[in-house]
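Asker: Sequence:
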Amino acid sequence: MDSPPVRTVASGKGPGEALDAQAMEQLRTARSLLEHRSLSHRFLTTLGTPVDQAYALLPRKARDAIAKGARGALLKLSEYVISHTMNEEARSDQSRLHKWGVMLSGGIGGFGGLASLPVEITVSTSIMLRSIAALARHHGEDLRRVEARLACIEVFGLEGDHAPDEPVLASYFTTRSLFAQEVRTALTYMAAGAQRNTLRPSLVRMVEFIAPRFGVMLEEKFLAQSLPLAGAIGGAALNAIFLDHYQRTARGHFMIRRLEREWGAQAVRSAVASLD
1 MDSPPVRTVA SGKGPGEALD AQAMEQLRTA RSLLEHRSLS HRFLTTLGTP VDQAYALLPR
61 KARDAIAKGA RGALLKLSEY VISHTMNEEA RSDQSRLHKW GVMLSGGIGG FGGLASLPVE
121 ITVSTSIMLR SIAALARHHG EDLRRVEARL ACIEVFGLEG DHAPDEPVLA SYFTTRSLFA
181 QEVRTALTYM AAGAQRNTLR PSLVRMVEFI APRFGVMLEE KFLAQSLPLA GAIGGAALNA
241 IFLDHYQRTA RGHFMIRRLE REWGAQAVRS AVASLD
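If you use my numbering, the sequence shown corresponds to residues 1 to 276, in order.
Ranges of calculated distance between the beta carbons of each label pair, as one might list FRET restraints:
id : residue 1 : residue 2 : range
1  : 64        : 205       : 15 to 23 Å
2  : 188       : 276       : 38 to 46 Å
3  : 212       : 273       : 26 to 34 Å
4  : 184       : 25        : 25 to 33 Å
Treat the hints as calculated values from the structure; they're not laboratory data.
Ideal Cβ positions, reconstructed from N, Cα and C, are used throughout, including at glycine.
Full structure from sequences and hints, please.
Answerer: Below, the structure written as structure tokens:
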């Protein structure tokens, strides 16, 4: 279990100060969580078949359906988190319940194949968001704040677009900086009292930034489910792996955000450079 949430700045901590030994260890843990094995490697371990070698065989129709499903699900969820505090969804981290829900949606996808894909993506992504929100709350995020809720959506875009030799935290902070620009735009519109139809373009831009990255992960999962060894039972198990993958990413993400609240963003960035 992760360390309990820290909601206030403790005595002796504050923006501009260097991270102490405990905070540095938490930063190392966050890095380890963000550096976890790729989905394709975990699917290979489960199925004994290399998923990435089958990537070229993925039909264009399937890729288009996955891309459309990813955009649609993320846009719906972005609109939802803008107008809902998510406190009930995040009341507790019911990881086992979330995992069973995602496994069930994976089993449906295993039977239905491509035809059921849009529904499976929407259902499983919604369940995953609840789990991510619970982890956010556990790490001290105030989900009454729109920015904190959008940070839950951000988790879906923290993978899938960095060079193999690029340090994972460098890619992580770059992605967050780019996403933050769209978040600031959305928050500015909201502060000005924008109606949903006025706010929607900024949400669409956020989704267009995240969806391709999330889509890559969905393609890997769809490929794995399509292999002869998978089927309906495999689809459920692979969806559980998919959820666990994003839960680990979320834990690392919210651990770093908690450190930033305690020590300041610049102090955390500086500490990253000194990690062994």
